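Chains A and B, in that order, are what the protein sequence lines are.
Read the first sequence against the numbering used here and you will find it ends at 823, with the numbers running on by one and no gaps.
Read the second sequence against the numbering used here and you will find it ends at 823, with the numbers running on by one and no gaps.
Hints listed in this document are in silico derivations from the structure and should not be mistaken for laboratory results.
Keep in mind the model is a prediction, meaning the values are calculated, not measured.
Worth double-checking, as some hints may not be accurate.
The list treats identical chains as interchangeable, and a pair is accepted whether it falls inside one copy or across any two copies.
What the hints assert, rightly or not - DMTMM-like mimics (lysine to aspartate or glutamate), calculated; alpha carbons at most 20 angstroms apart, straight line:
1. K646 x E710
2. K674 x E822
3. K646 x D773
4. K674 x E688
5. K674 x E636
6. K674 x D662
2 protein chains.
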Amino acid sequence: MNYPPSLQTVMDELGRFPGVGPKSAQRMALWIMRQPTEDVARLANALVEVKENLTLCEQCFNFAESGSLCPICADDRRDATVICVVESPTDVVAVERSRAFGGTYHVLHGLLNPLEGVTPDRLRIAELIRRLHGPITEVILCFNSTLEGDATAMYLRRLLEVPDLVVSQPANGLPVGGDLEYADDLTLSRAISGRRTLEV
Amino acid sequence: MNYPPSLQTVMDELGRFPGVGPKSAQRMALWIMRQPTEDVARLANALVEVKENLTLCEQCFNFAESGSLCPICADDRRDATVICVVESPTDVVAVERSRAFGGTYHVLHGLLNPLEGVTPDRLRIAELIRRLHGPITEVILCFNSTLEGDATAMYLRRLLEVPDLVVSQPANGLPVGGDLEYADDLTLSRAISGRRTLEV
Chain A
624 MNYPPSLQTV MDELGRFPGV GPKSAQRMAL WIMRQPTEDV ARLANALVEV
674 KENLTLCEQC FNFAESGSLC PICADDRRDA TVICVVESPT DVVAVERSRA
724 FGGTYHVLHG LLNPLEGVTP DRLRIAELIR RLHGPITEVI LCFNSTLEGD
774 ATAMYLRRLL EVPDLVVSQP ANGLPVGGDL EYADDLTLSR AISGRRTLEV
Chain B
624 MNYPPSLQTV MDELGRFPGV GPKSAQRMAL WIMRQPTEDV ARLANALVEV
674 KENLTLCEQC FNFAESGSLC PICADDRRDA TVICVVESPT DVVAVERSRA
724 FGGTYHVLHG LLNPLEGVTP DRLRIAELIR RLHGPITEVI LCFNSTLEGD
774 ATAMYLRRLL EVPDLVVSQP ANGLPVGGDL EYADDLTLSR AISGRRTLEV
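Full structure from sequences and hints, please.
Given below as structure tokens:
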């Protein structure tokens, strides 16, 4: 005897989530059975609604709830001459949380990875190039410090060879609060070669 | 700037699952955004349907898909004179997988834990006692080898003081394939005191 078909269906569907294996899916499905029906309906509803309501901003391709522009692109207090290019909407939230950036974003929805079939035409790169027709002064390539992130940055660096356009990248170095002893060699080497002069 | 409200709602709802923290909920919500709308609708539908279709068997309180009895209680090839008492429907599936048992089950939906407020009246114990009016010859108390499992077994052992009724418990011992060196003291001591004579 296995689980009843409708319970097995829920386990299979939950098991498709990233990072959710069969055991977790089983635990989640049994938890569902213990919840009030209205709570489960609310979850099901939230899932359907987010797919209906959420679209991509037609300028930066971040999530936009309603209308064609996301809140950042629609906000005229933001500096529209600087674009921070990121991999995903999660990264927009991370950079916003740092409060270090007052410009606009451009979400590529991925990083170059030819072996996995992610070629430049699969990313929102053409749309980024189109935005350069506007009064853009700087593009910040803000990707993960990984092979894919570096490859994407290098590829875009060559594409963005435009007069008077500054192309930059965030500094590599020791994470704040990080222990020198536990820093990997590459991080430490980049932290040292990118050292800052301390003014008195 | 945070996530759009409808996305935040999905993250909050997914974050209520057991074992799903804010980071996992975020990853799952962003995965939802990348899925085709019909796949998400199917998941939402499965959640609502399982709550609508699945009830508890009115004899053993295992999950039952339709009708009043679960497939095991409805199957007259099963030995209805032996009841295996377990904590949850997951345990029914585990014992069934072992193919070592051909009787019926009784699901308590929990183990005694007075500190957490789980007293005997919160479990399906009265319903178990009522089943003893039938021609029951043996009750197997098949719980986790934990404090709560042992306490529940001891409590039921006293309740089930009925003439001609055998009350048993599965053997404690070394798990098959387990390494003697890594067995904890209690397991090893129970394995030794419960040793079997090898016949030639």
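Evaluated hints:
In this homomeric assembly, K646 and E710 come within 20 angstroms of each other (Cα to Cα) only across copies, at 17 angstroms, whereas the closest approach inside a single copy is 31 angstroms. Taking the closest pair of Cα atoms, K674 and E822 never come within 20 angstroms of each other, the shortest separation being 52 angstroms inside a single copy and 66 angstroms across copies. In the homo-oligomer, the alpha carbons of K646 and D773 never lie at most 20 angstroms apart, since the shortest distance is 36 angstroms inside one protomer and 25 angstroms across protomers. For a Cα distance limit of 20 angstroms, the shortest separation of K674 from E688 inside one copy, 10 angstroms, qualifies, whereas the shortest one across copies, 30 angstroms, does not.
In this assembly of identical chains, the alpha carbons of K674 and E636 lie at most 20 angstroms apart whether taken from the same copy (17 angstroms) or from different copies (15 angstroms). In this assembly of identical chains, K674 and D662 lie within 20 angstroms of each other by CA distance both inside one copy and across copies; the values are 19 angstroms within and 10 angstroms between.
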